[in-house]
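Colleague: Taken in sequence, the protein lines are chains H and C. At position 6 of the first sequence the residue is numbered 8 (our numbering), and the sequence of numbers has no breaks. At position 417 of the second sequence the residue is numbered 419 (our numbering), and the sequence of numbers has no breaks.
A few of these clues could be false.
In this list, chains with the same sequence are indistinguishable; a pair is considered to hold if it fits within one copy or across any two.
Each computed BS3-like pair below joins lysine-lysine, with the alpha-carbon atoms no more than 30 angstroms apart [unchecked claim]:
no., residue 1, residue 2
1, Lys367, Lys344
2, Lys367, Lys337
3, Lys344, Lys546
If you are wondering where the hints come from, they were derived from the structure by calculation, not from laboratory data.
2 protein chains.
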Amino acid sequence: MSGERLIYLPLGGAGEIGMNAYVYGYGPKGRERLILVDLGVAFPDMDTSPGVDLVLPDISWLAKNINRLEAIFITHAHEDHIGALAHLWPSLRKPIYARTFTATIGRLKFEEAGLPKDAITTVAARPHVIEAGPFKVQFVPVSHSIPESAALIIDTPAGRIIHSGDFKRDATPIVGEGWDDALMQQIAAERPVKALMCDSTNVFSLHEGRSESTLKGPIAELIKSASGMVVATTFASNVARLKTLAEAGHAAGRTVCLLGRAMKRMVSAAEESGVLPQFPRTVTAEEAAEVPRRNLMLIVTGSQGERRAASAQLSRGKYLGLEMKEGDMFLFSSKTIPGNEKEVGRVINAMSAIGVDIVEDSGGKYHVSGHANRPDLEHVHRLFLPDMLLPMHGEHRHLREHVRIAHEAGIAAAVATNGMMMDISGDFPQLAEQIEASRTYLDGSVLVGSMDGVVRDRIRMALNGKVMVTVILDENDQPLGEAWVELMGLPANGKGGRPLAETLEADLTEFLESSGKKILTNDDKMDEALRRIVRQVAMEEIGKKPEVTVVISRLAME
Amino acid sequence: MSGERLIYLPLGGAGEIGMNAYVYGYGPKGRERLILVDLGVAFPDMDTSPGVDLVLPDISWLAKNINRLEAIFITHAHEDHIGALAHLWPSLRKPIYARTFTATIGRLKFEEAGLPKDAITTVAARPHVIEAGPFKVQFVPVSHSIPESAALIIDTPAGRIIHSGDFKRDATPIVGEGWDDALMQQIAAERPVKALMCDSTNVFSLHEGRSESTLKGPIAELIKSASGMVVATTFASNVARLKTLAEAGHAAGRTVCLLGRAMKRMVSAAEESGVLPQFPRTVTAEEAAEVPRRNLMLIVTGSQGERRAASAQLSRGKYLGLEMKEGDMFLFSSKTIPGNEKEVGRVINAMSAIGVDIVEDSGGKYHVSGHANRPDLEHVHRLFLPDMLLPMHGEHRHLREHVRIAHEAGIAAAVATNGMMMDISGDFPQLAEQIEASRTYLDGSVLVGSMDGVVRDRIRMALNGKVMVTVILDENDQPLGEAWVELMGLPANGKGGRPLAETLEADLTEFLESSGKKILTNDDKMDEALRRIVRQVAMEEIGKKPEVTVVISRLAME
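The whole structure should be built from the sequences, with the hints applied where relevant.
Modeller: Dropping the structure here:
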């Protein structure tokens, strides 16, 4: 078997939280057969990716080696694991395997994108085995904050890999299979685990994780105590939480209404997949509008303050005939993902201004995380006793901390971030090659490389404003009329209240009139000179150097 | 005294955290004599104010009533209380009063701005009284996270007002005067308190606040345990913390170096003002570079991940000859202000990649807040027993919660956000008038109104990209050559890989060639039509509607 090697290559999700995409390979060096696990998105922001719709992994390495790719496996239906599938599959076109609920969500996406739904194969959980080249893959049910999350057993001629996916150790997760220590022990006993690729999200949470089921009592009690309308938000895909919330509403004698497209879609996908047999009865928004507010509970999207989600809409006024009023209660059964504080704050303050009583998750009473905390991670290390551990699903600090605790337990481990191809054939992980793996932006309907400069230019315009200069030269290379300046995103007036455009036009025209043939016949030189003047004059007038576009038109003799 | 009234008008800081500015008035309705308390800034962000340098209160109401303004009082030298002074004073030009340290910082700002330093008068603490029209004002020392913070006693013919400023109840604040319950009781006994305007920042912190002095032991212990270089960051103006950190460094046998302009400036202003008699010896960066790293401690700016501050510079590599290495320790003796999580995360991850051990404040061991928590606020309510309470320094949710706890204690209270002029002459606060009070942006060297559209246009360009169209028409209103298109912040290619600019140019030219006189002689119509075509074609090609500027040049017969 010498000459064959086993490799691991994260293309997303290692060194960041989001856009998960992990490649495994086995075979002769440089000709390994490959599988891809997950293909998720991350979300754009104004600071780094204004105007972008979605952030996707850069799969150009995979596309270049497309003939080596056997199959794609999706561990669960969270957007950061499945969200890029419909956008990037057209350049991969390999079979996709997932469990029922995940496959249902995947097919909805494929349908919307006009892609062949039969590319996605629904598979049963272990002991069912999917063969893909040299790989034998089994889906192992784990508990998480979405139905049917799975860890993968990836058997290769070089040994067994456990790819944890996203998980928590929850024996009573309300919906779907609980975490099963005995099952994991059995898996480890069956064949030694060579490598564990492990979720690192909550490595800094030092207490043991709590079960989804612990929320039932407190949430029921809280809703029972409310006198006005109750509105609760959580992540749309947390179907178990939706069930807990809806049941608590019913128990308090309230009619329940789900608001928000994503939420309704998740519940119906869960029902269709058979993972949610007894979701309480809900009514439409129209029906809800007829229910007295003390008998009504809304469960809404927008736990992260998203501008267009139901919670933000309700914070701004009437939405689908429903309206929050003084004395209503709004429950965040969720946590604010770092970076979303301002958006969530905006919603809370708007509701505060209406007079709504806001209940944020205080000390985990109304929300628990879907990821394993440090003591649970340590427990799982002991269950699998892997030869080596490669932490994934985390920023660099999470991966590094996870490596540290693995080392403490005597397990070989290394930080491998996006683009680091690791040779895991031996006793410990070794860097084999560094692959170019940045990001791809879905921008409108176009895929744009993050290094293409498109977004950089947008950021520059946002920071510096924009000046457009138009110059017309006649057949003799002489300026025809004055230079024309248009501003966008810049103050109209500069020093002493003078209109900035006029000042610029005067200075540009003066320059052109005093320039000789050497400048006037050379577009590049003229462009550069005009640009320099604009930036210099703007600096004097408004203290800023704007972005400048110069358009030089020459009237040719025809 | 009938016909006279007492008013309170927040222009900033009420309904947001930042840019504090509060107006008090006494006199006949509409002709009240006024004083202004604080004139601070807020910080811009990419989401709402890209390219902006500082966010300032909108003082146009005050400027319009400038003849009624008597004086300006600054409670302390934090940027959100003093930062706008040098930018907005030129349109106020009234005497400024502050305690020594605050006045020192104020004069540094005036000096830099070329403003007269003698506009700022240094005043002693109570019992010293400053008379300003009908107001008699005393500065009462309170503990906070900066030297010489003050509450104000504002005596008026209609009663005594206590303006709390920013404060915490800390009897042992390391630097400066501690909070003194007896003094506050004396103030309340001297003359009943009509109104308490009170800091609301930490109204949601349910435990009693802890003293600055509690950090000494844990910080000293932590630094003693370090083996590599130690780098610590905190807010530059927290001079007490700087002292604690520097002393802990010395105690561990380390040479201490301050890095970052703001920090050095604060320490020297504190020394100059006499509030910091014994700051430990520090060395320059050049000297520090010669010290073995196990004997070195840097105290640096950038606790909020600011890109150009020392901590971010160090996370990216060598800075002023100094460099972090594997095994060094980085201590955040600070908290991350909501909204700055991503920036701080970036610094932490970059340091993690170097191999630095990061110590974040865990459970308040290495950082305490400078604001009073809820039990402390309640204690202060009881000390002053005001007739009414107007919460300030908080977002809407903070103000509302503060009103709620005041009501629980039987105190009249109301939420008054920026622009709400409250009549406080009677037994409870009443809305007298709603004033237009938005925000002013310092943008480069220009002050721009937040509603002027400048920033809105920048955001649009950032989200949508920009297309510039140039069209030249001859003397007969016929297009001369083709339409010319320049793109910025847009993908170069649309559907099927066609260059977007070429597609646009072809479609625009075709439109112009098929247009009659009615369009070609009318700039407005042509502009509108061309703009519509660009947006429509771009939508088809790239799925986005860009911002469009059309420049139509006409060759006139001369």
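Colleague: Hint by hint, say whether it matches the structure.
Modeller: How the hints compare with the structure:
no.: 1; hint: Lys367 to Lys344; verdict: both (23 angstroms within a copy, 26 angstroms between copies)
no.: 2; hint: Lys367 to Lys337; verdict: both (11 angstroms within a copy, 24 angstroms between copies)
no.: 3; hint: Lys344 to Lys546; verdict: both (28 angstroms within a copy, 26 angstroms between copies)
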